[in-house]
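Starting from the given sequences, assemble the full structure and let the hints guide the process.
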Amino acid sequence: MTGMLASLPAEHRDRLMGLAHEVDHPGSIRLFEEGGEADRFWIIRTGTVALDVQIPGRGPAVVETIGPGGLLGWSWLCPPRQWHLGAETRGAVSAWEFDAVAVRELFAEHPALGLALVTLVAETIGHRLRATRTRLLDLYGPQAGRPTP
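Take the sequence shown: its position 13, counted from the start at 1, is 55 in our numbering, and no numbers get skipped.
I should point out that these hints are in silico values taken from the structure, not numbers from a laboratory. There could be a bad hint or two in this list.
Derived CB-CB ranges, DEER-like [to be verified]:
1. Leu178 / Arg87: 40 to 50 angstroms
2. Ala103 / Ala150: 31 to 41 angstroms
3. Gly99 / Leu157: 34 to 44 angstroms
This structure is a prediction, so every number in the text was calculated from the model and none was measured. Each residue gets a CB set at the ideal place from its N, CA and C atoms; glycine is no exception.
The structure is reproduced here in structure tokens:
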């Protein structure tokens, strides 16, 4: 096991993986859009998925790319359970997919597992916020040689 799953104790990992099912997606498909219902998440096995934010008048800007072992989707955890970003495959992707309701029910039955996974998701959220901030500063921040307003 690599990535996020490797961070979980074996007992927690086994319980969580009991809810997983394998999915395969071709390249260049949208997995979800900003504002859509976040009812599942994935752990990437192979391939990559680009996360993007819609910029009015400019279209989507990629803020991060998720690869093998990475968590795709955290919006399922917190109300209002709507995607904060969009996602598109970059080539073929295989992943383990999890139903969010089933995982939240598992948390209720096994609070230690819930705490461990929520901690990993919180780390992912922090990383994604930093990546998004950096990307937006790259797009809109002051540039060398360009006067600031």
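- Task: Run the structure past the numbered hints and jot down the numbers of the failing ones, going up.
- Result: 1
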